[in-house]
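K.L.:
The chain contents come next:
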Amino acid sequence: MSLVKETDYGTPASKSEKEVTLTIDGVSVTVPEGTSIMRAAMEVGTEIPKLCATDSLKAFGSCRLCVVEIDGRYGTPASCTTPVLPGMSVHTQTPRLKAIRRGVMELYISDHPLDCLTCAANGDCELQTMAGAVGLRDVRYGYDGANHVFARSRKDGAANFEWMPKDESNPYFTYDPSKCIVCNRCVRACEETQGTFALTIDGRGFDSRVSPGMAEAFMESECVSCGACVQACPTATLTEKSVIAIGQPEHSEVTTCAYCGVGCTFKAEMRGEEIVRMVPWKDGKANHGHSCIKGRFAYGYALHKERVTTPMIRDKATDPWRVVSWEEAIAFAADRFKKIIETHGKRSVGVITSSRCSNEETYLVQKLTRAGFGNNNTDTCARVCHSPTGYGLNQAFGTSAGTQDFDSVDDSDVILVIGANPTDAHPVFGSRMKKRLREGAKLIVVDPRRIDLVRSPHIEANHHLALKPGTNVAIVTSLAHVIVKEGLVNEAFVRERCDWDEFQDWAAFVSDDRNSPEEVEKLSGVPAEDIRAAARLYATGGRAAIYYGLGVTEHSQGSTTVMAIANLAMATGNLGRRGVGVNPLRGQNNVQGSCDMGSFPHELPGYRHVSNDAVREAFEQAWGVTLDNEPGLRIPNMFDAAIAGEFRGLYCQGEDILQSDPDTKHVSRALEAMDCVIVQDLFLNETANYAHVFLPGASFLEKDGTFTNAERRIQRIRKVMSPKNGYGDWEITQMLAKAFGLDWNYTHPSEIMDEIARLTPTFKNVSYEKLEKDGSVQWPCNDAAPEGMPIMHIEGFTRGKGKFVITEYVPTDEKTGPRFPLLLTTGRILSQYNVGAQTRRTENSRWHEEDVLEIHPHDAELRGVRDGDWVRIASRAGEITLHAKVTDRVAPGVVYTTFHHPLSQANVVTTDNSDWATNCPEYKVTAVQISPSNGPTEWQEQYREMAENARRVAAE
Amino acid sequence: MSHSTADKLVKMANQIGMFFAAQRHSDAVAGTAEHLKKFWDPRMRAGIIAHVEHGGEGLDKVPLEAVLKLAGK
Ligand code: SF4
Ligand code: SF4
Ligand code: SF4
Ligand code: FES
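Read top to bottom, the protein sequences are chains A and B. If you count by this note's numbering, then the first sequence holds residues 1 to 956, one letter each, in order. If you count by this note's numbering, then the second sequence holds residues 1 to 73, one letter each, in order.
Because the hints were derived from the structure by calculation, they are not lab data. Be aware that a few hints might be false.
As the list claims (entries may be wrong) - In silico lysine-lysine, DSSO-like type, Cα no more than 27 Å apart, as pairs:
#1 LYS435(A) - LYS18(A)
#2 LYS38(B) - LYS801(A)
#3 LYS61(B) - LYS815(A)
#4 LYS815(A) - LYS11(B)
#5 LYS8(B) - LYS815(A)
#6 LYS8(B) - LYS468(A)
#7 LYS665(A) - LYS11(B)
#8 LYS5(A) - LYS15(A)
#9 LYS522(A) - LYS815(A)
Turn these sequences into a full structure, and let the hints guide you.
P.N.:
Structure representation (structure tokens):
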């Protein structure tokens, strides 16, 4: 595709339904009321010169380049700030306007370096374009007077104090103040689009300067490197370093970010096969032209020097690797798997896919298991994050997915965030949410830790329920208690949409005294009054939406909390329209998709149980095999079975189970016990230390496919460069399948999607042609909903009547006591992603060089721990050492860390407790003791040695 | 089946039993049995059945009856 340049309409679209007709340069145009003259002109193809306006930001009216004349009106109003009126007659080009514009441009250019030929923005500079547009031919004022352009005076060589050097502190973009025209677009982007408020304009008039923080360098300021200001800047002042290094791109492809579940779409701007930059796509329905540091800048891992591009095998995991051909590697892998099946039966092998893999890839891997191995031992890393969402929402509503699209938040009056940290883990959606909060929506945060949303510039939570980790069910049930007892139930909704008998049982249960705020205060540490106030706000504050994350699911009662949340939404009628709903924020990019694709051991694609004969028959017919009707092993069950000697072969695609699963020692014992571990990944990850076959994977830039984001939106990823390893991952799985005697002949991922659509009713009308045409679609997409479904359950629930489930609080076994008196909970931060395999291999590490332990000053003092000290964290599963960060973001009794770095091995201390329904591990609660330490533990040291050893490759 | 594996299955079955025991609208034993059938692979079910045949130590009442139901007893 040639380089796509989106049209800039100058000012945002008006949402008004009333229309206004006017004439611009004699052409009649009809636009929604509230539209600016500038935008109306652009609608009919007339581009009025502009500098300070761009359609992602509210009009500002500072540059005066966009002036127009209007019949019957005096003066020359700015077209960006002047709204259309019926019958107006506008002129965009008159002698008077021409003179004004030239004068404005002349002033700008007189304080701007004239090094266009060697400037990084050459060919993509609005200042340059506008100089051309207004016909600027000469500049009367020289540089001898005051200017920002030269370090020394051109007259006498004296230092020029108006001049400022470049700020190169940010690894991804440069700030060159000498090129700034003070249009304010960056400042407004940081406020309006990103919501960080890191930039201001310092000084007035000629002295004004863009200033990060308190006149700091970008890296020292609050800047989170989202790139919104860089994108908004019309000049080379803020420019991607990659553009400076490479030059302007010549073509682009639209693709989807491979990091988080927001699913931002980007234009990958290219020069040949070299990627110049990733620019968030304006038409992307999940991100509307915004991005975060990860998708925008952290793609360098795809080309990192540690990437392995040739297949390798070894007899024992303790041997060095041997580089071999694809044929040999595939034959070796298939051979070993066949031998295992012969000796130990067909249920002795299985697969795990990552939620980073595309829909087509995961579909093929589960097909390989079911049709090739003949069992249902397929699982995905969604097991360890959102499997309780699948179970819980399916019980309540009949669909394992969130109910809204992201845009719905624009209509919310109350936002309840439980166990999620959107500004760090789902940053682009976090920015959307913050925008709505700044417009006045109310906010309730339920989280043990004071996440950024609780208090950040221009945002303050109305209630922060800082509960003790592990008491979610008690808190949410107690919110319901208040709602029922105080008569705040939306009875009409419940009677119409839900099972009334079940509701009454539930209402009686929640009304019990043990669920009252006063009782729950004793377990959760949250003051009863706060619980009451939050419940009242949620039930009576207007349209109320719930957003939740892994802080809900990763508990022994994760599924129960999901159902408790669903109960709350049903009881208050907050479902089935805009602005409300129950919304799981998915961790990885394709968590939703990998669940949809039948990656779970009990479900065929489309969430249909393997014991369902009719469904199985449809697949049996299509695939020409007999399928197992018994559920297979889930990830933790695979480990248990491996240690028991009954599970001996694992094909692991894109997932680093050793690092991401709890109780690392248990996982490594399981891996050691297997006869054949196949790892398919970009890097020799931690799991590969125990592998026998390494199949190098392709990055998301090197293959075609689709991802499905947290709002059920299916979007394309597109190949922009040849795979360094030679094959797309779907081709590798196909080679393995062929070696297993399966006759697969897919020539393109679109054929895989066609098969999915044929076999899965909710995907019936999905195809690559449709995605090409519409950009994206939200499933279900079938004859009943040909264009997909942004908001679900509008008329009624998928399962029929909504189901109220009783949510009895059962405390986790993970209790504090004299040996382990503190509760450890885990989370993630903005610049890093999951186990960090990608982000650690980019400059993002500059923001988060190591995992640290957050501890409250009180607990720290008690243990003689000072900020920055090494501390030992011990649980009943193991111990690790990290640096301490003393902070009151965590409550006394609670400590917190992230798990982005392999050497910190945070999962050495997490335990094998898990959700009762799905075995999703309880990452969020571990009882620990903290003590001062001198450095890494023996295990950490040993592990490092072992890992170095395991990564050896034999010399040719 | 090793001791620790049985312990784990018992703990998981008890967790499941506790959820279904709290429901007022459905039969706790049937619910638990159904859950085990839908989500536990045959090996795990065989394991817990064997454990019950050896006395079922540590299993609460509801999951115990559910396992018996699964075993067809
Ligand atoms: S990169 Fe983002 S956060 Fe940083 S200054 Fe620019 S807009 Fe603000
Ligand atoms: S840095 Fe760019 S966007 Fe910001 S004021 Fe200067 S020219 Fe405008
Ligand atoms: S990581 Fe998430 S929020 Fe950031 S760019 Fe990618 S999809 Fe968007
Ligand atoms: S574009 Fe209208 S005043 Fe700058």
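K.L.:
So, for every hint listed, does it hold in this structure?
P.N.:
Cross-check of the supplied hints:
1. LYS435(A) - LYS18(A): 25 Å, holds
2. LYS38(B) - LYS801(A): Holds, because 22 Å separates the two Cα atoms, which is no more than 27 Å.
3. LYS61(B) - LYS815(A): Holds, at about 24 Å.
4. LYS815(A) - LYS11(B): Status holds; Cα separation ~16 Å.
5. LYS8(B) - LYS815(A): The given pair, whose Cα atoms are some 18 Å apart, holds under the 27 Å limit.
6. LYS8(B) - LYS468(A): 26 Å, holds
7. LYS665(A) - LYS11(B): With a Cα-Cα distance of about 20 Å, the restraint between LYS665(A) and LYS11(B) holds, given a limit of 27 Å.
8. LYS5(A) - LYS15(A): 24 Å, holds
9. LYS522(A) - LYS815(A): 15 Å, holds
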